[in-house]
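Student: Sequence:
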Amino acid sequence: MSQELLHVKDLHISFKAKGKDVRAVTGVDFTVDKGQTMGIVGESGAGKSVLGLSILRLLPDATAYIPQGSIEFKGNDLLKLSKKDMQKVRGDQISMIFQDPMTSLNPVMSVGDQIIEALRYHNKDKLNKAQLEQRVDEVMELVGIPAYRKKEYPHQFSGGMRQRVVIAIALVCNPELLIADEPTTALDVTIQAQVLAIIRDLQKKLGTAMVLITHDLGIVAQMCDKVGVMYAGEMVEHGSIEDIFSGDFHHPYTMGLFGSIPNLETESKRLSPIPGLMPPPNNLPEGCRFHPRCKHCMEICKTVAPEKYYDKEGHYVACHLFRDKGKEENHD
Numbered sequence: 001m002s003q004e005l006l007h008v009k010d011l012h013i014s015f016k017a018k019g020k021d022v023r024a025v026t027g028v029d030f031t032v033d034k035g036q037t038m039g040i041v042g043e044s045g046a047g048k049s050v051l052g053l054s055i056l057r058l059l060p061d062a063t064a065y066i067p068q069g070s071i072e073f074k075g076n077d078l079l080k081l082s083k084k085d086m087q088k089v090r091g092d093q094i095s096m097i098f099q100d101p102m103t104s105l106n107p108v109m110s111v112g113d114q115i116i117e118a119l120r121y122h123n124k125d126k127l128n129k130a131q132l133e134q135r136v137d138e139v140m141e142l143v144g145i146p147a148y149r150k151k152e153y154p155h156q157f158s159g160g161m162r163q164r165v166v167i168a169i170a171l172v173c174n175p176e177l178l179i180a181d182e183p184t185t186a187l188d189v190t191i192q193a194q195v196l197a198i199i200r201d202l203q204k205k206l207g208t209a210m211v212l213i214t215h216d217l218g219i220v221a222q223m224c225d226k227v228g229v230m231y232a233g234e235m236v237e238h239g240s241i242e243d244i245f246s247g248d249f250h251h252p253y254t255m256g257l258f259g260s261i262p263n264l265e266t267e268s269k270r271l272s273p274i275p276g277l278m279p280p281p282n283n284l285p286e287g288c289r290f291h292p293r294c295k296h297c298m299e300i301c302k303t304v305a306p307e308k309y310y311d312k313e314g315h316y317v318a319c320h321l322f323r324d325k326g327k328e329e330n331h332d
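For the sequence shown, position 297 matches number 297 in our numbering, and the numbering has no gaps at all.
Worth flagging that the hints you see were computed from the coordinates, not collected in a lab. Each residue gets a CB set at the ideal place from its N, CA and C atoms; glycine is no exception. Check the hints yourself; a few may be wrong.
[Stated by the list, open to error] Computed beta-carbon distance windows for the label pairs:
| hint | residue 1 | residue 2 | range |
| --- | --- | --- | --- |
| 1 | Lys88 | Tyr148 | 28 to 34 Å |
| 2 | Pro60 | Ala147 | 34 to 40 Å |
| 3 | Tyr121 | Gly207 | 21 to 27 Å |
| 4 | Glu286 | Ala147 | 38 to 44 Å |
| 5 | Pro280 | Leu127 | 43 to 49 Å |
[What the hints assert, rightly or not] The list that follows gives simulated cross-link-like pairs (lysine-lysine, BS3-like), each with its CA atoms no further than 27 Å apart:
| hint | residue 1 | residue 2 |
| --- | --- | --- |
| 6 | Lys129 | Lys84 |
| 7 | Lys9 | Lys74 |
| 8 | Lys84 | Lys20 |
| 9 | Lys88 | Lys20 |
| 10 | Lys84 | Lys34 |
| 11 | Lys312 | Lys9 |
| 12 | Lys34 | Lys312 |
| 13 | Lys88 | Lys74 |
| 14 | Lys204 | Lys83 |
| 15 | Lys16 | Lys205 |
| 16 | Lys80 | Lys129 |
| 17 | Lys302 | Lys34 |
| 18 | Lys302 | Lys325 |
| 19 | Lys16 | Lys74 |
| 20 | Lys9 | Lys83 |
| 21 | Lys34 | Lys83 |
| 22 | Lys84 | Lys74 |
| 23 | Lys83 | Lys16 |
| 24 | Lys80 | Lys9 |
| 25 | Lys126 | Lys34 |
| 26 | Lys20 | Lys34 |
| 27 | Lys74 | Lys20 |
| 28 | Lys126 | Lys88 |
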């Protein structure tokens with residue numbers, strides 16, 4: 001039986017900009033069970049990274065705030081924890097892999113010292129120096145880096161090897177949940193495949209759950225158990241990997257994402273990109289936020305925000321096209 005690890009409920013995230021409140025994420029709901037991988041997919045500017053950072057409460061306090069919603073981890077609302085208690089969770093029970101390994105690493109510290117830093121913070125009274133060094137050697141070997149290289153510095157590693165160091169830092173305390181924000185964006189295709197294979201193998205060995213933030217549907221198909229499609233701060237479709245990649249119950253934006261990638265099974269000479277651009281969060285359209293770019297746009301779409309329509313448990317589409325085909329239900 002699946003065990004719920006993370007439950008994001010009706011999450012709203014806003015930023016203060018020039019005296020105005022700008023809503024970056026609106027009413028997002030999803031759950032992640034132990035050992036499960038949840039993919040968050042969408043264009044740049046959809047709110048994916050903001051959502052990921054909010055789980056670890058890494059958004060800047062001076063400009064960002066959460067007016068509504070909760071982020072429950074193992075039944076406890078992370079938004080209600082003190083800063084001191086949140087520091088105990090961050091890096092120990094929940095870790096994050098950032099998309100640019102060069103800016104994630106300290107250039108004047110050896111990679112071994114950076115890996116050991118998390119261990120010292122979370123296990124300072126449990127492990128002696130020899131045990132700390134042994135754990136660093138183990139985790140470096142796990143991610144495919146020879147342990148003797150722990151004395152070297154980030155500039156002495158290639159991009160792919162630096163990302164492996166970042167993964168080692170994220171996994172050294174055996175977290176129960178890993179948030180991976182575009183972990184292969186800065187890497188070439190061959191190294192991407194290697195890094196993804198490492199993450200997937202380590203997940204199986206350690207039983208770690210993951211929230212994978214990406215714009216690449218190929219990575220989603222390869223890595224995820226279920227998917228949330230985000231557009232302009234909203235989750236417009238949510239379902240299992242089978243729900244998203246099959247059938248005909250899909251949000252027009254989801255179909256637009258599929259039309260924007262090459263398909264080896266068809267002979268079309270051109271891709272079908274989504275016209276226009278995603279609206280900025282400070283100038284969102286009325287009604288459905290996707291309607292200015294949608295070829296199925298109806299009059300109702302221009303003024304009324306769509307509800308979530310379900311074709312079955314766990315799979316919904318927020319689109320007026322499905323108001324007669326789907327069921328408007330509450331599956332909280």
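Student: Taking the hints in turn, state whether each one holds.
Tutor: Hint-by-hint comparison with the structure:
Between Lys88 and Tyr148 the Cβ separation comes to about 32 Å, which falls inside the hinted range of 28 to 34 Å. Between Pro60 and Ala147 the beta carbon distance is about 37 Å. The supplied range of 34 to 40 Å therefore holds. Between Tyr121 and Gly207 the beta carbon distance is about 23 Å. The supplied range of 21 to 27 Å therefore holds. Between Glu286 and Ala147 the Cβ separation comes to about 58 Å, which falls outside the hinted range of 38 to 44 Å.
The hint said 43 to 49 Å for the Cβ distance between Pro280 and Leu127, and at roughly 48 Å that hint holds. At roughly 25 Å between alpha-carbon atoms, Lys129 and Lys84 fall within 27 Å of each other, so this suggested pair holds. Pair hint Lys9 plus Lys74 holds up; C-alpha atoms about 14 Å apart against a cutoff of 27 Å. Annotation: proposed proximity of Lys84 to Lys20 is violated, straight-line Cα distance about 30 Å (limit 27 Å).
With a C-alpha separation of about 33 Å, the suggested pairing of Lys88 with Lys20 is violated against the 27 Å cut-off. Annotation: proposed proximity of Lys84 to Lys34 holds, straight-line Cα distance about 25 Å (limit 27 Å). Taking the CA atoms of Lys312 and Lys9, the gap is near 20 Å; set against the 27 Å cutoff, the hint holds. For the hint pairing Lys34 with Lys312, the CA-to-CA distance comes to about 22 Å; that is within 27 Å, so the pair holds.
A distance of roughly 14 Å separates the Cα atoms of Lys88 and Lys74; the hinted pair therefore holds under the 27 Å criterion. Annotation: proposed proximity of Lys204 to Lys83 is violated, straight-line Cα distance about 31 Å (limit 27 Å). For the given pair, Lys16 sits about 42 Å from Lys205 by alpha-carbon distance, which is inconsistent with the 27 Å threshold. Our distance criterion of 27 Å between C-alpha atoms is broken by Lys80 and Lys129, whose separation comes to about 35 Å.
Our distance criterion of 27 Å between C-alpha atoms is broken by Lys302 and Lys34, whose separation comes to about 40 Å. Distance check on the hinted pair: Lys302 and Lys325 sit about 20 Å apart at the alpha-carbon level, within 27 Å; holds. Only pairs whose Cα atoms come within 27 Å are accepted, and Lys16 paired with Lys74 is rejected, the gap being roughly 30 Å. With a CA separation close to 21 Å, the supplied pair Lys9 and Lys83 stays within the 27 Å bound.
Between Lys34 and Lys83, the direct Cα distance comes to roughly 25 Å. Compliance with the 27 Å bound is thereby established for this hinted pair. Restraint check for Lys84 and Lys74: satisfied, since their Cα atoms lie roughly 18 Å apart, inside the 27 Å limit. Between Lys83 and Lys16, the direct Cα distance comes to roughly 21 Å. Compliance with the 27 Å bound is thereby established for this hinted pair. The suggested pairing of Lys80 with Lys9 holds, with an alpha-carbon distance near 14 Å, which does not exceed 27 Å.
Of the pairs offered as hints, the one joining Lys126 and Lys34 holds, with about 26 Å between alpha carbons and a cut-off of 27 Å not exceeded. Our distance criterion of 27 Å between C-alpha atoms is broken by Lys20 and Lys34, whose separation comes to about 39 Å. Among the hinted pairs, Lys74 with Lys20 is inconsistent with the structure: their alpha-carbon atoms are about 35 Å apart, more than 27 Å. Among the hinted pairs, Lys126 with Lys88 is consistent with the structure: their alpha-carbon atoms are about 15 Å apart, no more than 27 Å.
The structure fails hints 4, 8, 9, 14, 15, 16, 17, 19, 26, 27 (numbered hints given earlier, in ascending order).
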